[in-house]
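4 protein chains.
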Amino acid sequence: MSEKDFEEKLREVEQFEINNDTSIIDLINSLKNTGFNAKRLALACEIYNEMINNTDCVKFFGLAGALVPVGLQRIIFDFLKEGFIDVLVTTGANLTHDLAEALGYHHLQGNINIDDIDDKDLHCKDINRIYDVFMPNKVYEGIEDFISKLNISDNQMPVSSFLKFLGDKLPKTSHSILRICAEKEIPIFCPAFTDSGLAMQLGFHHQNMNLNHFKDMLDMVNLAWDAKNAGICIVGGGVPKNFIMQSLQFCPTSATYAIQITMDRPEPGGLSGASLREAISWGKVNEKAKYSTVISDATITLPLIFWYLKKMQEKNKD
Amino acid sequence: MSEKDFEEKLREVEQFEINNDTSIIDLINSLKNTGFNAKRLALACEIYNEMINNTDCVKFFGLAGALVPVGLQRIIFDFLKEGFIDVLVTTGANLTHDLAEALGYHHLQGNINIDDIDDKDLHCKDINRIYDVFMPNKVYEGIEDFISKLNISDNQMPVSSFLKFLGDKLPKTSHSILRICAEKEIPIFCPAFTDSGLAMQLGFHHQNMNLNHFKDMLDMVNLAWDAKNAGICIVGGGVPKNFIMQSLQFCPTSATYAIQITMDRPEPGGLSGASLREAISWGKVNEKAKYSTVISDATITLPLIFWYLKKMQEKNKD
Amino acid sequence: MSEKDFEEKLREVEQFEINNDTSIIDLINSLKNTGFNAKRLALACEIYNEMINNTDCVKFFGLAGALVPVGLQRIIFDFLKEGFIDVLVTTGANLTHDLAEALGYHHLQGNINIDDIDDKDLHCKDINRIYDVFMPNKVYEGIEDFISKLNISDNQMPVSSFLKFLGDKLPKTSHSILRICAEKEIPIFCPAFTDSGLAMQLGFHHQNMNLNHFKDMLDMVNLAWDAKNAGICIVGGGVPKNFIMQSLQFCPTSATYAIQITMDRPEPGGLSGASLREAISWGKVNEKAKYSTVISDATITLPLIFWYLKKMQEKNKD
Amino acid sequence: MSEKDFEEKLREVEQFEINNDTSIIDLINSLKNTGFNAKRLALACEIYNEMINNTDCVKFFGLAGALVPVGLQRIIFDFLKEGFIDVLVTTGANLTHDLAEALGYHHLQGNINIDDIDDKDLHCKDINRIYDVFMPNKVYEGIEDFISKLNISDNQMPVSSFLKFLGDKLPKTSHSILRICAEKEIPIFCPAFTDSGLAMQLGFHHQNMNLNHFKDMLDMVNLAWDAKNAGICIVGGGVPKNFIMQSLQFCPTSATYAIQITMDRPEPGGLSGASLREAISWGKVNEKAKYSTVISDATITLPLIFWYLKKMQEKNKD
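Here the protein sequences line up with chains L, H, W and U, keeping their order.
Residue numbers for the first sequence, in this note's numbering: 1 to 318.
Residue numbers for the second sequence, in this note's numbering: 319 to 636.
Residue numbers for the third sequence, in this note's numbering: 637 to 954.
Residue numbers for the fourth sequence, in this note's numbering: 955 to 1272.
Derived by calculation from the structure, the hints in this document are not laboratory data.
Among the hints, erroneous ones may be present.
Which residues of chain W face chain H? A partial, calculated answer using Cβ under 7 Å [to be verified]:
| hint | residue |
| --- | --- |
| 1 | PHE672 |
| 2 | LEU679 |
| 3 | ARG901 |
| 4 | GLU903 |
| 5 | PRO904 |
| 6 | GLY905 |
This one's a predicted model, so the numbers in the text were calculated from it and none came from an experiment.
Using N, Cα and C, we set each Cβ at its ideal position, and we do this for glycine too.
Next up, chain L with everything else stripped away, as it sits in the complex:
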């Protein structure tokens, strides 16, 4: 970096204030002139907003982590409803839990100190634990009942087609990810589908299921191929991250926007924590891309990002 470059790029850190009139947009704008993860969060907000305003941009969203059980189903539903996501890649677990909520079941939480939990006791009570949220095992019975009664015409359809089929059967009143994706024809990919309670019920109750995972893989490559511009938002990492990334090698421009929210870090070499910069070497992220990784629990920062985007949409309308 040249002397001039450097000096042009540096500005004073602003010791920002929060007062009675502060809005989420003010907060994010203030954080932008700071550093550490606060600044990364502000950049992520700004980049996502640009992705939304760029009508050429196909927005790929990778979702790993138990965000449905913990209470963020509605936020993700609204990301989809607002048009902030064009292609969703997620885990079988999130879809299983989404189905549970769509069928009227609920996850549980409470004023219980994590250290006071006795897992042996929970096991006796048939309550499954996901850190500090819980799912009574009987929820699976409801899922089983629902899945076993499905009339599946084609046992070799792509997983994404099956998920669309499933979404169409869910109550219009629910805030289900499956349902809104079906309604809005947003493709959902789930590359590790058989790694889920949902797929297990399907395999147990329907003979000779062989949903086509390869067709999904090729369809995803085509979506990337056809994108004039690609933007990605990765929550948590895992298979959804890699599946999006491997497809982006086939996107003419690679990703020109990239956001990542994760608690994982680069040093142990796993993909979940890999920096977005690393993806430039692979041609998955464009070398001129705007990108930001926020090291944070998504349960805190994803709602903040949504809140910011929603307010920016409202502001743009005025």
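Here the structure of chain L is known, so what remains is to put chains H, W and U in place on it, guided by the hints.
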């Protein structure tokens, strides 16, 4: 936990919504009925608010991490100004950077990718780096000039008295931590004071400095001893955390409220990441205490907590 | 815990010594009487050794993370060769890199500071980065060539059958995971197979591939169902962890031994970092199981565990 | 980096083997040709060995974290005894626990699952917890008794002089850090001394203690100033890290060797996790320095490093 206890404590996870009318209070209230770090953040907000409303509670605040250089000086200033902190324990580094800002110097940040930074180049330019914020080395010259001209009557006063003396000399217009503490007579303790640029300048320019660290230690014990009730907020851990904790063993009730914001974790056994529950075994935290540790970067969550507290104060006034 | 229980269980921490005669067995035995992750590592070694010596125990091994590119292919090969693994579940990425090494290609590393890497430059040179190891993109051409020439008789076979078919074609002299598993008839499951370079080449060059993921899922459940006893070793988490865990709900005894090596932590609620204790609530791990999670980079601790196990085997022979 | 540079620096990753003849030196040598933290560990071993063999190099060692209670007192004792440390900077906590062990007390550990611990119960039993090791509170009574009877001639001596005075009083048979430092005249600095149980007993039982922290600070600067060459090994971060770092700005060459073992990471901006590269901008680490940060629990890697160094010493003698 008895069956009944358990069932009474469990409630449904709420799939919360963010809409155009959402306020920070709504958000935090929503997060309370979720899990993971979102819930811990909501609990931390609620606990801090209770600490403030409990007029018997002495609020100890431990601050480690480079929060002044990164732009949170004003937030901490406002925590102090609003009366949310009764005793501050911090690092010499934060005080050095606070002094720099008070004297009119600024830290720098910018649109610079952390990976593009060349530290050898920065060294040539005499710019010191703190992750993605920067301090030109010449700032130290300003601090040196200021410190060297001080007329210090007693070279054996407690560190906290010296910090009060320093704060009184700073411009009334600045948002300095030292200044507001001096003005409001909020004691600042800095147990590792000689581990700072500020102390080095003091030692270089004033013969035979021997500020009394033991007197501070005993004064802090007395503050804990006299507290009818204690509440603690720990940002980042380190010496400030331990110094507060060791004193609380002498508080008749131990801490009855405890909040911790850190990226450190318990497993490697260091104090910074130690759980607040562990402090119960030592008698530092009361066994009936309300406590919450938020695993997060304080640059994101400390402003949110302040925003919530400020709005709750405003609401209570109505 | 009763007073007596407690006192019986507590012993002195031993301030252990390393001297000229120290062996890996001595080291691990010493670490057992300490705490933090050192003790967890010692417990993991001891538990794995018990799994091996228990002839009724089916040993499930979940492998995520880029361990083949980084140089641990041979260690995993030897785990398999020595009979320390009965069922392997891994990522498509590890299999892709294993195939590359088996075909005579190599990953690269070097005396390069991670901060001096320019990913744009790497992209120009067609070198893909995985933290601080590298793979020239032309390796994919070799894989493509190999895969495109395969004569695949059944495009609907299970993924595990395809992996056996592949392993049988690889050079007997290589230290390939695929090859040794084929030779020793150790099943490999790869639930997210289409999330890999290997599967992409397969999909591009062979029409109508639809390898059966559901059959694998059911086969895995049967393996768990038939196990008199189950032991698990999870490296890194991810889909391999969950796939093993979901199957163990069908194991009559659940897992009675469980080891986990990961840098992930429980607090953000994701499965990779979830405690093994949590799995008790689900009936995946037995309530009387011996278990240990080592928070560490597997590149350091997996070789240590192997070294210990190998030496214990040798010792037992004497 | 030029094309040629790059290619010269890159070598193949070696898929290393562990067999019956493997020694710790073989293992570390093998890890050097891998990546991730395994390679960083191998580099750390190699760098430390060079520090030892460079007779001009003053070896500064910063020790934070509860390594004495957990059972690494003897390893640190042996680092000191073997001449691997020239200047020690540590926390008051480690010295307090070292004194306890030196006086014949012991820390406790046991076959107790961390999740089954009830801290309220421990509090009733007067047992203090440090993650999964324990210290009966009565140990403090022994420390109190010892400290209260000391005949301290000068209540304004530097902390380091007091620590020497203390070490000289401890049993020759103990493996105490304080004792071996006193015997070998290795200076110990403890900048946050009053943040410890040891200092509290001193303050309670001896009137008008005012040990001189400023003198220590200046002495440390002089040690750095006089060093022809400096090497640093940082365990855990915290005040010991910063205290060494701030002094090294006065070392004519800055540090030319630097090792760091920590679980902390750079992104949240705190000093403990700051990269060693960042220290180049400050002039604390030389721009030509060899350096390596190992992201790991020191309870696992510090013994490995010691084992390697000890064997290398033995090998060099042959």
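For each hint, the structure was consulted:
no. : hint   : verdict
1   : PHE672 : holds, 4 Å
2   : LEU679 : violated, 13 Å
3   : ARG901 : holds, 5 Å
4   : GLU903 : holds, 5 Å
5   : PRO904 : holds, 6 Å
6   : GLY905 : holds, 4 Å
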